[in-house]
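Generate coordinates for the entire structure from the input sequences, incorporating the hints supplied.
Residue numbers (the numbering used here), protein chains in the order written: chain A, 1363 to 1611; chain B, 55 to 367.
None of these hints come from the bench; they were simulated from the model. Misleading hints may appear alongside valid ones.
What the hints assert, rightly or not - The calculated lysine-lysine pairs, modelled on BS3-like cross-linking and capped at a C-alpha distance of 30 Å, are:
| hint | chain 1 | residue 1 | chain 2 | residue 2 |
| --- | --- | --- | --- | --- |
| 1 | B | K304 | B | K80 |
| 2 | A | K1609 | B | K304 |
| 3 | B | K245 | A | K1609 |
Nothing here was measured: the structure is a model prediction, and the numbers come from that model.
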Amino acid sequence: MNIAVCIKQVPDTETRIKLSEDRSRVVEDDINFIMNPYDEFAVEEALKLQEKNGGEVTYISLGPDRVSSALRSALAMGGDKAIHIKTDKVPEDPQVTAQALTAVLKETSYDLVLLGKQAIDDDHAQMPSLLAEKLGWPAVTVVVKLMVENGRVKAEREIDGAHEIVESSLPAIIGTQRGLNEPRYASLKGIMRAKKIQIEERTLTLQPSSLSVAGFEFPPAKQAGKIVGKDASAVPELLRLLHEEAKVI
Amino acid sequence: MKAIIFAEHRNGQIRKITFENMTLAKSLGLSFDVVVVGHQVQSVERDLGAYGATTVTVLDDPALTRYSPDVYTRVMADAVKNSGAEIVLMGATSTGKDLAPRLSVLLNAALATDCTKVELSGNELQVTRPMYAGKVLAKIRLSSAIKVLTVRPNVYGARENQSAATVNKISPSLVDARTVVSEIVAGAKGKLDVTEADIIVSGGRGMKGPENWHLIEKLAEKLGAATGASRAAVDAGWRSHDEQVGQTGKTVSPTLYIAVGISGAIQHLAGMSSSKYIVAINKDAEAPIFKVADYGIVADLFEIVPRMIDELK
Ligand SMILES: Cc1cc2nc3c(=O)[nH]c(=O)nc-3n(C[C@H](O)[C@H](O)[C@H](O)COP(=O)(O)OP(=O)(O)OC[C@H]3O[C@@H](n4cnc5c(N)ncnc54)[C@H](O)[C@@H]3O)c2cc1C
Ligand SMILES: Nc1ncnc2c1ncn2[C@@H]1O[C@H](COP(=O)(O)O)[C@@H](O)[C@H]1O
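Shown next as structure tokens:
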């Protein structure tokens, strides 16, 4: 069974985002980059499936030079190959990324493509569904449980207010959600091994886009409010404020 | 310019985000059609008419009872093409999130997800969408012939606007579904999802354990609120992760967010700081949650929360 895992590199969640003076872009200088947390679930699931069924695990990431370190982090957990689609920067339009990932995914015959449900920087949550249409494959998004057996997928996905069990044939695309598994830590041996694996590099012509970022802004800063009190006697006053001043209850 | 609004429904009822999107389309001066994809969705005419729909297309078939990606995508793509609409509005809900990207590929459309603001000047469509779980807002321009947007629930209110809706019922041509739902594991009955709740009561590590969560639930019940949790509470296994609020959980913007025993780590704040009003209950006056709270009580939550429940009787 051959599995591809798409990995995005994103700023670590502690990052305070800084904007350029003209607010046209996010300043990347002091950012500590990590593998998208949802992609760790995808890596872990791929490795578990490989342990059971054999085959190869290939990681694919699109972005500038820096993203190779996210591929190394994945390789340190396990897996066989990594492909870096080199671009000057990460495209603003997920459709452009999807097109390039599709081109590379089509080069090899994979049984399964795993992705995070969402990248925590741009928060698009589009890629699994975009790839489904571009590759013409079935896809199950926001998956919290996965079983692959006899050429079929059985997945539990989260929907608003419930979960559903979805079955599909292979090849298929899976978008991974928290709860699916506990990602393993890379061992020292894994880290050493990852250093020796040659990352394949690709350059592709990216398609034009009909979406552009006109600028960024910060949300209005919240002002610290008032401390209503320091014991239970403050409760009636709090409820009064919520009722009469804020008018929310 | 014309819009087409994808009507969301659950358990046979039209969901609020649909009315919100209709209110939004109206405020932009757009004419709009509403499309209901489903089977025996109830009170379509009355409910949609109450919010200003004039043309409603109902694509009805037993195979459309529940959302199915392959089938819904094709049916909606046909509906959009037939309507001649240039803007497709959906909710940033579990269905909208799955469907919108697929539709955008079929329609060759630019797509912006989870929009919190939509502006139209002349023919130029600009949206605002939060990134990094709300740490920054990006302004996006879409220039394709057809544009697809998912709009975050609860941001645009739904305004009633009585009109007479003409309903055209159509039996759509269907494709086979490659993914089949074999079972539905219902969530707790009548449980409100944090992303669509007006009020959220969230608990953190300060709750000490799952055995104390009845306090959160009771308070939520009194307020008609959904219950949320910090990642510490989820990681400890006290709550399920669909309740987690924050950068790697859900991003919420209710009118009132009550944080109980939550310190206010940057990852938690990212997911809830756009709430209209924030209340913090924490015994540590230095907890960062107080920096964003409109009202705070610095005290033991085990004294405060029972008292709140009592006072709300
Ligand atoms: C990659 C990554 C992603 C993350 N994503 C998220 C996310 O999406 N959401 C999220 O929430 N966190 C997230 N975190 C975790 C975050 O950093 C914090 O660890 C977490 O939010 C802390 O949860 P807490 O506030 O419940 O616990 P704590 O920080 O331990 O705070 C508990 C609070 O309860 C108070 N308290 C204790 N007892 C009482 C009492 N009796 N009465 C009143 N107050 C009391 C304490 O004063 C304290 O302020 C993430 C972290 C990482 C590294
Ligand atoms: N530039 C990229 N390179 C590789 N994978 C990506 C990239 N962008 C997004 N993905 C994958 O798509 C998932 C969802 O991302 P998004 O739709 O951008 O929120 C991520 O978790 C990754 O698995």
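Status of each hint after checking the structure:
{"no.": "1", "hint": "K304(B) to K80(B)", "verdict": "holds (29 Å)"}
{"no.": "2", "hint": "K1609(A) to K304(B)", "verdict": "holds (25 Å)"}
{"no.": "3", "hint": "K245(B) to K1609(A)", "verdict": "holds (24 Å)"}
Hint violations for this structure: none, all hints satisfied.
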